[in-house]
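Colleague: Residue numbers (the working numbering), protein chains in the order written: chain A, 84 to 338; chain B, 73 to 801; chain C, 9 to 425.
Don't read these hints as lab results, they were simulated from the structure.
The beta-carbon is built from N, C-alpha and C at its ideal position, and this holds for glycine as well.
Among these hints, one or two may not hold up.
Dumping the calculated DSS-like pairs for lysine-lysine here, alpha-carbon to alpha-carbon at most 27 Å [as the list claims (entries may be wrong)]:
id	chain 1	residue 1	chain 2	residue 2
1	A	Lys128	B	Lys706
2	B	Lys727	A	Lys144
3	B	Lys336	A	Lys144
4	B	Lys723	C	Lys379
5	B	Lys723	A	Lys144
6	A	Lys136	C	Lys59
Here are a few chain C residues that sit away from chain A, every Cβ distance over 12 Å (derived from the structure) [said to hold, decoys possible]:
id	residue
7	Ser27
8	Leu53
9	Leu57
10	Lys59
11	Lys101
12	Phe186
13	Thr196
14	Val214
15	Leu326
16	Asn343
17	Leu346
18	Arg409
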Amino acid sequence: MKQVDNSKLLWGMVIDLDKCIGCGACSVSCQAENNSPFKDDESDKLRSMTWLKIYRLHNHKEFPEYREAYLPRPCMHCDHHTPCVSVCPATATTKDEEGGIVSQIYTRCIGCRYCVAACPYHARYFNWFDQHFPAGTEEYLNPDVSVRMRGVVEKCHFCHHRWMLAKQEAAYKGEDTSKVTYTPACAEACPTGAIYFGNLKDPESDVAKLSKDPRAFRLLEKLGTQPKVYYLTSRDWVKEWSDNNMTDAPAAGGH
Amino acid sequence: MKPSRRRFLQFSMGAAGAFLFTPINWKLMDDVAIWTQNWSWVPVPEDGARAYTTTTCRICNGGCGIKVRLIDGKRAVKIEGNPESPINRGGLCAWGAAGLQYLYMDENRVPGPMKRDRVTGVRTRLTWEAALELAAAELKKAGGEGTAIVNGRKRSTMNGLIRQFAADLGAAHYCEPCDGGDVQKAASELLLGRPGRYGFDLERAQVILSFNAALLEGWASPVRMMRAFGTWMSGTEESRARLFQVDPRASLTASKADTWLPAKPGTETIVALAMANVMIAGNMVAPEAAGAPGFDQFKSLAEAYSPSKAAELTGVEADQIREAAEAFAKAERAVALSGQGHGNTPEPLSLAWAVLALNGLKGNFNKEGGVYLTPEPPGLDLGAGVENGSLLELAKGVAQGKEKLSALLLFESNPLFNGPDPAAMAELMDKTPLVISFSPFWDESTKKADLILPDLTYLERWDDVDTPLGMPYQAVSVTKPIFAPRHKGAPTGDVLAKLTKALGKTPPFAKYEDALKARVAKLQATGHGLAASEEPAAPMDLLGSGPGKGWGSAEEAFEEVAATGLWYNPSGQGDQVTLSFEKTLEVKPLEPKGDAQHYPYPLVVFDTARVASGFYANPPFVTKIIEDDFLLKKDIFINIHPETAHALHLKEGSKVVLESETGQGWVGVHLTQGARPGVIYLPAGLGHTTFDPTLKDKGLSGAAMVEAVEDPHNGQPLTFLGRAKLRKA
Amino acid sequence: MLNWNCDKELYPDGLPRCSLAKFSPVVLIGGALLTWGAIGAIICLGYGLNKTGMNDYFALGLWIVFDLSIIALGAGAFFTGFLNYVVGRKELKDVINAAVIIGFICYSGAVAMLGIDIGQPIRGWFIFWHANVHSMLTEVTFCITCYLGVLLVEYLPLILENRVAQKQRFVRLLSHNFHEFMFIFAGTGTFLSFFHQGSLGGMFGVLFARPFSFREGFLIWPWTFFLFIWSAIAAGPAFTTLIVSLTEKISGRKLIPYSVKMFYGKVSGWLLLTYIIAKTIDTLYWALSTLPRMGVTFHSLYAEGPYGLWLVWLELGLFGWLPALALVYPKVRKNPALLMWAMVLDVLGVIFNRFVFVIQTQAIPVLPFEKFMGYMFTIPELGIAVAVIGYGLLVFGLSYRYLPVFPREKELNPVEG
Ligand SMILES: Nc1nc2c(c(=O)[nH]1)N[C@H]1C(S)=C(S)[C@@H](COP(=O)(O)OP(=O)(O)OC[C@H]3O[C@@H](n4cnc5c(=O)[nH]c(N)nc54)[C@H](O)[C@@H]3O)O[C@H]1N2
Ligand SMILES: Nc1nc2c(c(=O)[nH]1)N[C@H]1C(S)=C(S)[C@@H](COP(=O)(O)OP(=O)(O)OC[C@H]3O[C@@H](n4cnc5c(=O)[nH]c(N)nc54)[C@H](O)[C@@H]3O)O[C@H]1N2
Ligand code: SF4
Ligand code: SF4
Ligand code: SF4
Ligand code: SF4
Ligand code: SF4
Ligand SMILES: [Mo]
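Whenever a hint applies, use it, and build me the whole structure from the sequences.
Modeller: Right under this line is the structure:
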C-alpha cells in the first residue's frame, strides 16, 4: 500500500466528550444530509444504518456515584494501511490521495462485506434491505449525495460532497481551491460545539491544536490504524473506554 | 475429417477464441451490471439551483433560527441552524435537524379540510368554502354557551388570536393546558411583588444550581441551553463553570454536572432551604437580602432544615449541600434555577419560590450571570378578558353530566394522548356532538374529530414565538412560509378570521400575516431591538450591550425581522424590584396519588432528549437513534435499580406489566445504577396509537399512568409523580 | 414390470450396479436438498440478504464458514494430483478420479455459494475488472476460478469415458488426448491451489484491526496463510478417503486397495502432526506477543459468551494432537475403524478451525464499549449450504454409477466361479 504524501492536507475531526451531551443532533443531521433511509422497526441495531452512531458509556459506579457519558462515532478515516480499503477486492473503497478521506463507490461495490468484517470500529453498514422512502419523503432527498441501493456498503465519508461544492465555489470565484475549508453536517448541527473539523496538517487549525491537547485520545490507538478522529475528555473513566486494557506495550498493528 | 491431434487442438482454440472475442457476452455482462447501478426503484434526487431561506424552527418554543436549503425554490432538502441567530448560533437539536420529516411524511399529514361521519367513520374531503360554511353553521347552532376551546398554543400572537376568537364566539369554556410560566409568575409575585417571568444569564454564570431542570434534555430553549453548556465546558478545568444538579435520577444533565445531588422525588424544596440555611448561617448573604423585610421569618424557616436534617429527608448528603451552597455564595457570578423537565410544566410552587429566594440571598437580580427580571416584549393584547379554565374539571363535569357541551375546538392540542386524564378526555369527546380540530397532523384527537380545518406546518406559514422560557433578554422569533403549501391546509389565523366574519363579527385581522405585522409594529414602536445579523455579539457581551438601534418605520422593521427571523432586545434591563421574605411557604411534602400498599413504588415520568414528549410526533430519524434498552420493537423500557429488579426476580430485558391507579401496560425492564432503588422511571412521549409505523403503537403513554397531584400551594396539577407496581402476568 | 436396470448400457463396462430403485435414495435426497437450496436462493436473492441471520456485526456467516471448509476439504484433488503426477506415487492413480470429482464438487459448490453471498452477484466480475491486487480476497477469487477451470478440465475426460460416450470416435479421441496433457493440469492446479488455500488463510490473518484473527508473518503473508495450506492438505486426502470408504460401504463393493487408504492415512498423519506443532507455536506467539501489543489480552478474547477456552483445547487437542499421533502410528492405520475415526477427527478439525476464524473473530467486540454478539443462521440460509451437500451426493453418486471412476474396481471384486 504505497504511502500517500499528505504533507499539506489531511482532513480530521476532534470531538470534545466533555461538551457532548448525546443529544443526537449530529447523527440526525448526518442522516438528513446523506439521504439515510429508515425502517418501520429500527430495534435491530445491527441492521440500523447510523453512519454516526452515538454510544453510551458509564463509570461502572453504583448509585448515586453512577455517571453516563456519550461518544459519537463517525468513520475514523484510518490513515495507516486503512483496514477496510486494504481488504476490498474490487477497489470500491479508497483512501483519497488528497485529504485522506476514505470514500465509498456505491456503483462499484459488490457487497462482499469483507470490509465490514475488517473494520474494528463497526463504522460500515451494509444495505440488507431495499431502501424505502415513504410517500412524500423522496422530495427531501439531497441531490449532492447519491441514494444507495440494496446489497452495497455505505459509511461516513466526512461529507466530501461539501468539500467538492466548496472547491467548485472557490474555483468559480477564482480563489485557490487548495486553501478551501468546509464543515460537515454533524459539526454544523452540534448545539454544544463539541465537534471540530479541519486540516490536521494546518498547525493553525482547531483540530491540529486540539489533537495535541493533553485531554486528547483516540479509539483503539494500539491497533495502529491511525484514526483521524480524536476525542477529548477530562474524565479518566471515559478515557479508559478507549482501549481494551491500557498496557503500555508498543503498537503491533499493520506492516 | 481425419481426426488428428492437430485438428483437435485447432478446434478447441477456435471455440475458446470465439467465446472470448465476441462482443455480445461482454456487452451483456456490462449492461446487466449497469442495470444494477440504475434500478428504477432507487430514487435519483433532481438537482437544481440551490438557495437558503431563513426562518425559525417551531417544533418547540425554543425559538431557534434556521436556514432551509431549497432546490429551485420547490424542494426543501436540508434544515441547518442559522449561525446569525444569537439564540442558537447555528446549533440544532435532533428534532430541529429532522424537521423536514414533519413537512414531507404525507402519511402523517391531513391533506385538506374534511368532515367525518361519526357513525360510519367515513371522511369526505371538503373545499375550504364548504368547510367554513359548515363550521360557521355548526358553531352558530352550538352557540357560545355550548362551546369549549382548548388552546395548546402558548407564547405566540396565535395564542391571542385564539383567545380573541373565543371572546367573539362567546365560548363558555376556554382552557390552556397548564403553563409552567404561571408558577414562575406566582413565585415572582410572592418574593418580588412582581408577577412576571424571569430569565437567567447562564452564559456568564460561573456556578449554576439547577433544581431538577433537565437543562440538557430540552429545558426552556433547548439549543440555547446546550450552547450555554458548551461555553461552561470551554476553557481550562479551573476556569470552567460548575453545575450542581438536583435530580431524582442520573439524568443526562446530572451525569454531565460537576455534582449530582440525588434528591428523592418531591423533596427538592428542602434541599433549596437547606442551602439557604448554610448561606444564612455562614452570613454569606447579600446586604439587600439581610435587610429585606421578613428576612428573620425566612431565616427561622431555613433554620428548620440544617444540611444534616435535609440529608435525612431528601437522601442528599449534608456535605454535598454545604459544598453547593458555599460555591454558590462565594462565586462572583452565580445563579439558581428550577422549572423541572422542559421548564413549562408547573413545578411545585414552593420549589420555584425557594429557588428564587436563593437568588435573592445571592442578590444577583439583574446582574451579570444572575436572574434577569425581563419584562415581556409588547404584544397585541387580544382576548384579554377570557379566563383560563381547567380542562380536567370540564371533562369531569361533562362525564358526570353536570356540564353539557355541543362543540369542542382543539388548537394545537391532543387531549386523547396528552390530556391530564385520557379516559376523561375520551368521554368528553364522545359526549360532545361536534369536535373540530385544526391540527395538520393525524394525531389521536384529530382522528376522532368530526370536522378538520388543518393548519399548515411551521415551514409553510407565518408564525411567531415569544421570548423562550429562561431567556434573559426579550426575543421574538418569526417563521415565514418557505414555499407554497404542500397540501390543502390553511393558516389557522386566516381561517379564524373567515369564521369570525361568517359568525357576523369583525375579526381583529383578516390574515395572520397582518396580525404579525401589527405585532412587529409594536416592537418597532419601542424604538429598540435588533434583527439577527451577521456578527451577533458573542454571548459573553451580548447582554447589556444596549437596546439596539430599532428601525425608522414598522414596514422596515417587519421586512428585516421577517428576513432574518428574529427581533431581540439585548438591553438586559430588568424590572427594579424590592425583595421581601414576608410571604414564605412552608414545605408540604408532595404525596403522589395512589395508595402506597397496593402501588408501593413511586413512578417518575421523565423526559429525554431523544423522544419528543408528545408535542410533535417523534420523527423517524430521531426514533431510529433511540437505544435498544429504551425502545425495543413495541416495548418501552422502564429504568429501575438492579436491587429493585433483583427483589422482583427481574433481569435486564424482562417483560412486565406496569400498573398504576389510572392505567397499565407491558414494558421492558432496564437495569441501571442511575435509578434510585425503589423508584420506577418511565420515559414520556411514546404510546401513540396513530402516526406512521415508525411510531404507531410503540411504547406506553406516561400521561395515562400518572394521576395529576394538586400542588398544595396553587392547586396546579403536577403530572410527573405517581405510584405504580410491577407484575409478571 | 419396470426393469430396474434399464440404464444398463450406461454402466462402466463389466461392472454391475444396483437397481435404480436401490439407487433412488441418492437422487431423492440429493434432489430434496437441492430444492431446499433453490428456494433459499430465490428468497435470499429476491427479498435480499435480510432473510439470512447475518448483520453488520456478522458480515460473514454460515456460507463463508462452509465455503472455507469445503475448499479445504477439496484440497484432496490437487494434493493427490501432486503426489501422483509430480511426486510420482503411481498407486494413487486408483483414487485420483474420485479425488478430482470431490474437488470439483467442493469448488463449484463454493463458487455457487459465493455468488449468492455477495450483495450484488451481477457485479461479481468487478473483482476481476477493478481488482485490488493488495486484497487477499482478490487473490482467492482469481485462483479459485482458475483452479475450478482446471478441475473441470480434469473431470471432463472422466465423463467422456462413459461407455455410451466412448462409442463416438471424436469423444474417444478427445478423452485420450486429455489423458496425455493431464500432468500439465495437475501441475498448474497444484500451484494455484497452494496459493488460494493460503490466501484464504491470509484473508483473516491480515485483519490487523481484528486482534483475534490477526497474525504477523513473513513478508506480506501472515502465518495463517501457511497454516491454512498445511491444514487443508492434511485434511483433503483424509476427506477423499472417507468419501470413497462411504461409497464402498453403500455399494458393498471394494473400490480402492486398503494400501492406498493406509498411504493417505500416513500422509495425513505426518502433515497433521507437523501442522499442529506449527499451530501450537503460532497460538502461543500470538497469545503472548502479538495480542499484548494490540492492547488485548488472550484471556479477554475468551471471557465472554459461549466461545470459551474449551475451544482452544478442542481444536488443538481432540481435533489436533489426537488424530495426528494416531495416524502417525502404523498400528492405528492398519485397523480400518481406527483409521476412519482418526480421519474423521482430522476433517472435523479443519472445519472447526475455519468456523473459529470466521465466527469467533466477528463475535468478539474490538471496541471496549461494544457487547459480545451471537449469530444464528436462518432456514433459507441453511438451505443453500445443505444444497451443496445434495449437489455433491448427486454428482458423486451418478459419477460412480455411470463413469469408470475406480480403475481397479473389477480386479478388487472378483466374480466367484
Ligand atoms: N420536545 C417537546 N418539547 C416540549 C413539549 C413537548 O411535548 N415536546 N411540551 C411543551 C409543553 S406544553 C410543556 S408544558 C413543557 C413540558 O414541561 P416540562 O417541565 O418539561 O414537563 P416534563 O419534562 O414532561 O416533566 C417531567 C420532568 O419533571 C422531573 N421530575 C420528576 N420528579 C420530580 C420531582 O419530584 N420534583 C421536581 N421538581 N421535578 C421532578 C422529571 O425528571 C422530568 O424531567 O415542554 C414544552 N416543550
Ligand atoms: N404524563 C404527562 N402528561 C402530560 C404532560 C407531561 O409532561 N407528562 N404535559 C402536560 C402538559 S404541560 C401539556 S401543555 C399537555 C400538552 O398537551 P397538548 O396541548 O395536547 O399538546 P400535545 O399533546 O403535545 O400535541 C399538540 C398537537 O397539536 C398538533 N399540532 C402540531 N402542530 C400544530 C399546528 O401548527 N396547529 C395545530 N392546530 N395543531 C398542531 C399535533 O398533531 C399535536 O398532536 O400535555 C400534558 N400531559
Ligand atoms: S450533536 Fe454534539 S452534543 Fe449532540 S450528540 Fe452530537 S456531538 Fe454530542
Ligand atoms: S473506521 Fe472502519 S470504515 Fe472507517 S476507515 Fe477505519 S476501517 Fe475503514
Ligand atoms: S462490500 Fe463493497 S466496499 Fe466492502 S469490501 Fe466488498 S466490494 Fe469492497
Ligand atoms: S462527517 Fe458527514 S458523513 Fe460523516 S458523520 Fe458527520 S455528517 Fe455524517
Ligand atoms: S430546540 Fe426547539 S426550536 Fe430549537 S431546533 Fe430544537 S425543536 Fe427547534
Ligand atoms: Mo404545558
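Colleague: Does each hint hold? Answer for all of them.
Modeller: Checked hints:
| no. | hint | result |
| --- | --- | --- |
| 1 | Lys128(A) x Lys706(B) | holds, 15 Å |
| 2 | Lys727(B) x Lys144(A) | holds, 26 Å |
| 3 | Lys336(B) x Lys144(A) | holds, 19 Å |
| 4 | Lys723(B) x Lys379(C) | holds, 17 Å |
| 5 | Lys723(B) x Lys144(A) | holds, 19 Å |
| 6 | Lys136(A) x Lys59(C) | holds, 24 Å |
| 7 | Ser27 | holds, 46 Å |
| 8 | Leu53 | violated, 10 Å |
| 9 | Leu57 | violated, 5 Å |
| 10 | Lys59 | violated, 9 Å |
| 11 | Lys101 | holds, 38 Å |
| 12 | Phe186 | holds, 33 Å |
| 13 | Thr196 | holds, 22 Å |
| 14 | Val214 | violated, 7 Å |
| 15 | Leu326 | holds, 28 Å |
| 16 | Asn343 | holds, 43 Å |
| 17 | Leu346 | holds, 39 Å |
| 18 | Arg409 | holds, 38 Å |
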